[in-house]
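Peer 1: One-letter residues, chain by chain:
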Amino acid sequence: MNNITLGKYVPYNSFVHRLDPRYKIFAMILLMVCIFLKFASIWMNFIIYGVLAIIIFSIMISSHVKILALFKQLKMMWFMILFILVINVLVPGDESLGYFQITSNWKIYFSAIYNTLYVAIRLVLMLGLSMVLTATTTPLQLTGALEWYMYPLKFIRFPVHEVAMMISLALRFIPTILEETDRIMKAQASRGVDFQRGKLKEKLRAIISLIIPLFVSAFQRSDDLANAMEARGYNPQAKRTRYRVNKWHLRDSFSMFFILLILGGLITLIVTKFDLVAWIMSICA
Amino acid sequence: MPVVFSHLNYIYSIKTPMEFSALKDINLQIEDNSFTMIVGHTGSGKSTLVQQINALLIPTSGIVDVNGIVVDCNVKKLKNIKELRKGVGLVFQFPEYQLFEETVLKDVSFGPKNFGVDNKKATELAKEALNLVGIDESLFDKSPFELSGGQKRRVAIAGVITLKPKVLILDEPTAGLDPQGSREMMKLFTKIKEQGTTIIMITHDMDNVIRYGTDVVVLAKGELIKKCRPYELFLDQDSFNSLSIDEPLVIKMAKRLNQNGYHISLENVIDIDSLVQEIKKEKRYE
Numbered sequence: 010m011n012n013i014t015l016g017k018y019v020p021y022n023s024f025v026h027r028l029d030p031r032y033k034i035f036a037m038i039l040l041m042v043c044i045f046l047k048f049a050s051i052w053m054n055f056i057i058y059g060v061l062a063i064i065i066f067s068i069m070i071s072s073h074v075k076i077l078a079l080f081k082q083l084k085m086m087w088f089m090i091l092f093i094l095v096i097n098v099l100v101p102g103d104e105s106l107g108y109f110q111i112t113s114n115w116k117i118y119f120s121a122i123y124n125t126l127y128v129a130i131r132l133v134l135m136l137g138l139s140m141v142l143t144a145t146t147t148p149l150q151l152t153g154a155l156e157w158y159m160y161p162l163k164f165i166r167f168p169v170h171e172v173a174m175m176i177s178l179a180l181r182f183i184p185t186i187l188e189e190t191d192r193i194m195k196a197q198a199s200r201g202v203d204f205q206r207g208k209l210k211e212k213l214r215a216i217i218s219l220i221i222p223l224f225v226s227a228f229q230r231s232d233d234l235a236n237a238m239e240a241r242g243y244n245p246q247a248k249r250t251r252y253r254v255n256k257w258h259l260r261d262s263f264s265m266f267f268i269l270l271i272l273g274g275l276i277t278l279i280v281t282k283f284d285l286v287a288w289i290m291s292i293c294a
Numbered sequence: 579m580p581v582v583f584s585h586l587n588y589i590y591s592i593k594t595p596m597e598f599s600a601l602k603d604i605n606l607q608i609e610d611n612s613f614t615m616i617v618g619h620t621g622s623g624k625s626t627l628v629q630q631i632n633a634l635l636i637p638t639s640g641i642v643d644v645n646g647i648v649v650d651c652n653v654k655k656l657k658n659i660k661e662l663r664k665g666v667g668l669v670f671q672f673p674e675y676q677l678f679e680e681t682v683l684k685d686v687s688f689g690p691k692n693f694g695v696d697n698k699k700a701t702e703l704a705k706e707a708l709n710l711v712g713i714d715e716s717l718f719d720k721s722p723f724e725l726s727g728g729q730k731r732r733v734a735i736a737g738v739i740t741l742k743p744k745v746l747i748l749d750e751p752t753a754g755l756d757p758q759g760s761r762e763m764m765k766l767f768t769k770i771k772e773q774g775t776t777i778i779m780i781t782h783d784m785d786n787v788i789r790y791g792t793d794v795v796v797l798a799k800g801e802l803i804k805k806c807r808p809y810e811l812f813l814d815q816d817s818f819n820s821l822s823i824d825e826p827l828v829i830k831m832a833k834r835l836n837q838n839g840y841h842i843s844l845e846n847v848i849d850i851d852s853l854v855q856e857i858k859k860e861k862r863y864e
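Keeping their order, the protein sequence lines are chains A and B. Following our numbering, the numbering of the first sequence begins with 10 at its first residue and continues without gaps. Following our numbering, the numbering of the second sequence begins with 579 at its first residue and continues without gaps.
Keep in mind the hints are simulated off the structure, nothing from the lab. Beta carbons are placed, not taken as given, at the ideal position from N, Cα and C, and that holds for glycine. Heads up, a few of these hints could be off.
The following label-pair restraints were derived from C-beta to C-beta distances [said to hold, decoys possible]: (1) 596/B - 64/A: 26 to 32 angstroms; (2) 804/B - 208/A: 54 to 60 angstroms; (3) 611/B - 230/A: 35 to 41 angstroms; (4) 724/B - 87/A: 57 to 63 angstroms; (5) 270/A - 596/B: 34 to 40 angstroms; (6) 83/A - 596/B: 23 to 29 angstroms; (7) 596/B - 42/A: 30 to 36 angstroms; (8) 824/B - 248/A: 30 to 36 angstroms.
Okay, derived cross-link-like pairs now, DSBU-like style, lysine-lysine, Cα gap no bigger than 35 angstroms in a straight line [what the hints assert, rightly or not]: (9) 705/B - 208/A; (10) 602/B - 859/B; (11) 684/B - 593/B; (12) 765/B - 742/B; (13) 212/A - 805/B; (14) 742/B - 195/A.
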């Protein structure tokens, strides 16, 4: 169970770890917007992806997130990328970018391959970004930040606090349930259950022997928790103070400036239809 | 079936910031057909130690030898892991959480079926185990979730002993039971031991250690402090005080009597009856 690396908080004390969680969510959204921007030419797109990849990978390195772990996650995405490629090949593309003529009435457009590559690169970068966010921010910090963002919804009578409490409780119990899973798996393994190998029928039985006890204890636990909260006088409508208050530091302003600079720069490139390749060629010529 | 640990180390979450060394250089032999008690603080590595015995955790370095089946860090996929687990039964803390089948009988026969025993034989074995733990036949077709806490635990324990393991490991089997249930549980384990099974039990209850144990293993902070006969643990006042182990009532009483002129040998004192015997002996000599 300890091999779940994706989305797990890792306690280091890096620059990114110390940033304000509200800002981290904001920065992640901005960088994701950057990933989805489209530039003047194909080559320009790839150059910008390269630059973004360097930025994102260096953020990952500085916050102790393993890049290797990112590429391990890719194993699961191969199928998806292949699927996108097939769809792209079957859909008519942009003829101006060139094509392979396979039979007289069947062409594979280069644009299909480019589009697939875009999607693949975007996926990798997005995965990297979300890994940085979850590895450097505790679930509680995340919900705290989400609650802050949802604050305006209070004016339309949206139960912001209740939803935030539900999310944080759910997140709080992930490690507990993982531990429980580990324990039940071990208990069943000593009764001879093999969770790795076996025929489909055996595997099904193995999973049932895990899921039923897990559900039973999860219901038990939530019942206990509800009682414990009520016994301590929990009232969702009551006004509450916070134990941890998010504070905006200079480092947050500084890195926000950096991110906005990137976004601003990229938007300028789009507006001016700047093409690095064409520009270099024009200089050389 | 002797269990031998040599130079065993175990580290959790190795090479991460959460790295934690749970066991440090354990050298230990648990004799055949003994009733070995493992005691120590929470977090001293007791549960980690016993999980090495049936390869639920693989040692970071060093070896565990269970009657010739060797588990060490080099073995990625153990070939005879099933054979090992068949010979070593492990009952976790609060084993009632492992129940899942529709009926008690089905749940208990789940184990044997996993090890390739056919349906009829598995049911037979299950009935035998349920009789041994004292579950009434009228409950066999009930859902395990309808039973009381104590009954659930018995059923769960039956689910492990139905495999007739040569080594039975118990992780605080009496936790949360009333004194009556706890006593009956211990009686059950003695019965199982008499059938030739080696029993390894994690416990905090020193009265049980002195009453039923043939050996006691003391762990602290992942290190093996001592392995001795239970009464020896209480001979040296300082050593067990530093381990914050409670002295069993009968030992305390015997010591108090000795301070006032009695000559009771602690070796023979395991429970109230034996203490009474010892005092009677003393009277006879006078």
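Peer 1: List in ascending order the numbers of the hints, as given earlier, that are violated by the structure.
Peer 2: 2, 4, 8, 10, 11, 13
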